[in-house]
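Based on the provided sequences and hints, a complete structural model is requested.
Residue numbers (the working numbering), protein chains in the order written: chain A, 1 to 319; chain B, 1 to 183.
Check the hints yourself; a few may be wrong.
In silico DSS-like pairs for lysine-lysine, Cα to Cα no more than 25 Å straight-line [as the list claims (entries may be wrong)]:
hint: 1; chain 1: A; residue 1: 76; chain 2: A; residue 2: 64
hint: 2; chain 1: A; residue 1: 87; chain 2: A; residue 2: 2
hint: 3; chain 1: B; residue 1: 151; chain 2: A; residue 2: 35
hint: 4; chain 1: A; residue 1: 82; chain 2: A; residue 2: 64
hint: 5; chain 1: B; residue 1: 121; chain 2: A; residue 2: 64
hint: 6; chain 1: A; residue 1: 35; chain 2: A; residue 2: 64
Listed next, with one range per pair, are the computed distances between beta-carbon atoms [stated by the list, open to error]:
hint: 7; chain 1: A; residue 1: 57; chain 2: B; residue 2: 169; range: 43 to 51 Å
hint: 8; chain 1: B; residue 1: 141; chain 2: A; residue 2: 35; range: 24 to 32 Å
hint: 9; chain 1: A; residue 1: 14; chain 2: B; residue 2: 138; range: 36 to 44 Å
So the derived list for chain A, only partly shown, Cβ under 10 Å to chain B, looks like this [said to hold, decoys possible]:
hint: 10; residue: 23
hint: 11; residue: 28
hint: 12; residue: 38
hint: 13; residue: 42
hint: 14; residue: 154
hint: 15; residue: 157
hint: 16; residue: 311
hint: 17; residue: 313
No wet-lab data here; the hints were simulated from the structure.
No residue lacks a Cβ here, since even glycine has one placed at the ideal position from N, Cα and C.
The residues making up each chain are set out below.
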Amino acid sequence: MKHLLSTRDLSRDDAILILDTAAQMAATQEREVRKLPTLRGKTVVNLFFEDSTRTRISFEAAAKRLSADVINFSAKGSSVSKGESLKDTALTLQAMGADAVVVRHWASGAAYQLAHGGWLHGSVLNAGDGTHQHPTQALLDAFTMRRHLVGSPEGAGLDGLTVAIVGDVLHSRVARSNVHLLHTLGARVVLVAPPTLVPVGMEPWPCEVVHTLDEAIESYDIDALMMLRVQRERMSGGGLAFFPSPAEYTRLYGLDADRLGRLPDHAIVMHPGPMNRGLEISAEAADSPRSVIVEQVGNGVAVRMAALYLLLAGEEGAQ
Amino acid sequence: MTGTLLGPGDISRALTRIAHEILERNGGPDDVVLLGIPTRGLPLAERLATRLAEVEPGFDADARCGALDITMYRDDLHRQPTRAIGTTRLPEQGIDDAVVVLVDDVLHTGRTIRAALDAIKDLGRPRAVQLAALVDRGHRELPIRADFVGKNIPTSRSERVDVHLEEVDGEDAVILSAGRAEA
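This is the structure in C-alpha cells:
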C-alpha cells in the first residue's frame, strides 16, 4: 500500500492487517509511556481544506505517538485563501519534504488527484473528500464493531454481522466508505434513509435499502446501528429540500429510547460525530451504555497509527 | 560445516543449564521475569520458565513470563518491507524493579537486543536486564553480549542459522546452512 484513498481499494487481507495492527497500537496506548519511536524523522502534513475537530486531532495524535513530526495546515489563514491551487500547495509540501499528506477537502476526488497528480512523492491518506470517501473512519468503525461483536477478533472479519446505517446517506462519505469496507469484511449492510437522501445510481452498491428506521428494526437482526449526521451545511435550504421538517425526520429516522429498546440486547450504537442531539439521535441513546460513540474516537487514534505505520514504516518505494 | 548442529536433546540440555545459571546468578528466582522476543524467543522463554518452576516450586511460570515485540523499535524499518506487529504481553506485576531476562533464539548483530532495550525503557524500569540466547553466532555490530548462551557457533556472515522449535516449526533443531549470496 502506498496511499489510503478509498475503502474500495482495500482487499480483505489489507483491511484485516490494518485492524490487527490497530489492535497492537491500541495495546501500546495503555502503557505509561505511550510514545513509540517508529516514525522518527518522518514528516506528516495535515492538509485540511475543511473544518474538522476529531479527525485532525486524531491524525495529529497518531503521528505524534509514533514520533513523526506533524505540520498542520488549514486552508483558512493560508495562501489558499489568496487563491493558491491544490497543485501549488502540493508542490510546496513536496519541497518541504512531506513523507505523508493527510488531506481533507470539500471536493470529491481531491485525495486521488493529490496522490496521482505526480506532485508528491509521499503517501496520501484521505481524511475525507467531499461526499466520496473517509476510509479511516470506516476502518475505526469496523475496528470498534470487531472489538464488541466478534468473539476472537484477531485475524477475523465481520462475517455474519448485520449493520444498519441510518440517515443522510446522500451527503455521507462515512456511509460510502462503510458500505464497501463492511461488505469486504463479510457483513451485511442495510441503509435506512428517506428516498430523498439516497444517492442516485447507488444500485450496484453491495447493500440493501429500507425507508424507515422502524422497518429496519423489525425486519433485520441488527448487530450495529450507525447513525449518520444530518449534514445541513451541505443541503440547500438547510434541509427543507430533503425532508419536510426536522421534527418529521426525527420521528421517522431518529434513534430514541423506545427504538433503542427494540434492538437486540447485544447491539451497539455508533455515530461518526459530531452529533446533532435531538435530531438524528436523542441524548438518552447517545449516552446509553450501548453507545460506543466515545470509544470510536479513541479507536480512531489506534487505527490512524496503524495506517501511518503501514504506509510509512516500510522500505522506501516498496509496495 | 553445515547441517543440524543441535538436536532436541542438545536444546533441552542447554535450556536446563541456562535455567540453573539464571538461578545461580540471581541468587534464586525472586524478582526474575522472563521476556521472550517473538517469534521463537517466546516459546524458549516459556520453556525456561517451566524449568525454573521445576527447580523452584514457588516460581509461577505463567505469571513470570511475557512477550516483548520489538518491531516498532527496529532501526532498519525503512530498509525492509513493512513488518507485521506482534503482541507485547507483560507479566501482571509489571517489570518495575524486576530482573528481566530477555530471551531470544539467535544472537547475531545485537540490533534486535538494542531495540528490545529501548522497548523495555518505555515499559518500566527493571532493576537489571540480562540476556539469554540459545545460539550466539557472533558478528556483533553493537557492544552487546549475552549473559547466558546455549551454544556458541562460529559462523561466516554469509551463512544462515535457523532455529526450529516444536511450538512453531514442529521440530527442535538448530540448522546451519550455506546461505544465500550476500543480499
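A quick look at each hint next to the structure:
no.	hint	verdict
1	76(A) x 64(A)	holds, 23 Å
2	87(A) x 2(A)	holds, 20 Å
3	151(B) x 35(A)	violated, 36 Å
4	82(A) x 64(A)	violated, 30 Å
5	121(B) x 64(A)	holds, 18 Å
6	35(A) x 64(A)	holds, 7 Å
7	57(A) x 169(B): 43 to 51 Å	holds, 45 Å
8	141(B) x 35(A): 24 to 32 Å	holds, 26 Å
9	14(A) x 138(B): 36 to 44 Å	holds, 39 Å
10	23	holds, 9 Å
11	28	holds, 7 Å
12	38	holds, 4 Å
13	42	holds, 9 Å
14	154	holds, 9 Å
15	157	violated, 17 Å
16	311	holds, 8 Å
17	313	holds, 5 Å
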